[in-house]
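Participant: Note that UniProt numbering numbers the sequence shown so that position 39 is 39, with each residue one more than the last.
It should be emphasised that the hints constitute simulated quantities derived from the structure, not laboratory data. Remember, it's a predicted structure, so these values are computed and weren't measured experimentally. The beta carbon of each residue, even a glycine, is placed where N, CA and C say it ideally should be. Where hints are given, some of them may not hold.
Here are the simulated distance ranges between beta carbons [what the hints assert, rightly or not]:
1. His15 with Trp113: 42 to 48 angstroms
2. Lys20 with Phe138: 28 to 34 angstroms
3. Met1 with Leu136: 39 to 45 angstroms
4. Lys20 with Leu114: 48 to 54 angstroms
5. Val17 with Trp113: 49 to 55 angstroms
6. Lys115 with Lys9: 51 to 57 angstroms
7. Val130 with Pro35: 25 to 31 angstroms
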Amino acid sequence: MDVVRSSLKKVIEMHNVFLKKRGNISSSHRTHDHPVGLKKPKKKSKKKISKNRFAIMDNLIKDLETYENALKSEETYVKTPIQTNLLCSGVKFRTPKEDADLRCFYADSGNPWLKLGPIKTEILNYDPYVAAFRELLFDEECDNITEYLSPKLDFPPGRMKSNSLKNDWTMK
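Generate coordinates for the entire structure from the input sequences, incorporating the hints supplied.
Facilitator: And the structure:
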């Protein structure tokens, strides 16, 4: 168990150092937005923070140039991880024509059972393929699942009522 704890401690330290030096995202990595660990981070002067922000911005500008070059590449193994990072970070990189090709439809995949109740599918991106399934469960089903699981689950992060004894998470 001590080996696991020491390994975890090293990984957390490496994460925090990497976050401080390179920021939380680049063309080759993604980390948490904030340092990880049990101890609260020491308060730093505003000068150090602003210098760090400029360094992060410089890295982001370099990474954007890398993104642009990689997106022009015809190699899927080069484009896919970068497009995935852009999608996950909410960056718009598609042209309006590519956005026009995205669509919603009812999917049944040729399954006779799903033809009775097809799944509402929204295509969010084609390469890499990202789709969202909408209205997969009825509101009553969500309420039943929430009621059943509520005592078994911990409070969600950022819950609305901090003084509530009842878990207030939702599936909607």
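Participant: Confirm or reject each hint.
Facilitator: The hints, checked one at a time:
A hinted range of 42 to 48 angstroms for the beta carbons of His15 and Trp113 is consistent with their spacing of about 45 angstroms. Remark: the range hint 28 to 34 angstroms for Lys20 to Phe138 is contradicted by a beta-carbon distance near 47 angstroms. A beta carbon spacing of about 41 angstroms between Met1 and Leu136 agrees with the range 39 to 45 angstroms that was offered as a hint. As the Cβ distance of Lys20 to Leu114 is approximately 49 angstroms, the hint placing it in 48 to 54 angstroms holds.
About 52 angstroms separates the C-beta atoms of Val17 and Trp113, a value consistent with the hinted range of 49 to 55 angstroms. As the Cβ distance of Lys115 to Lys9 is approximately 54 angstroms, the hint placing it in 51 to 57 angstroms holds. The beta-carbon spacing between Val130 and Pro35, approximately 30 angstroms, falls within the hinted interval of 25 to 31 angstroms.
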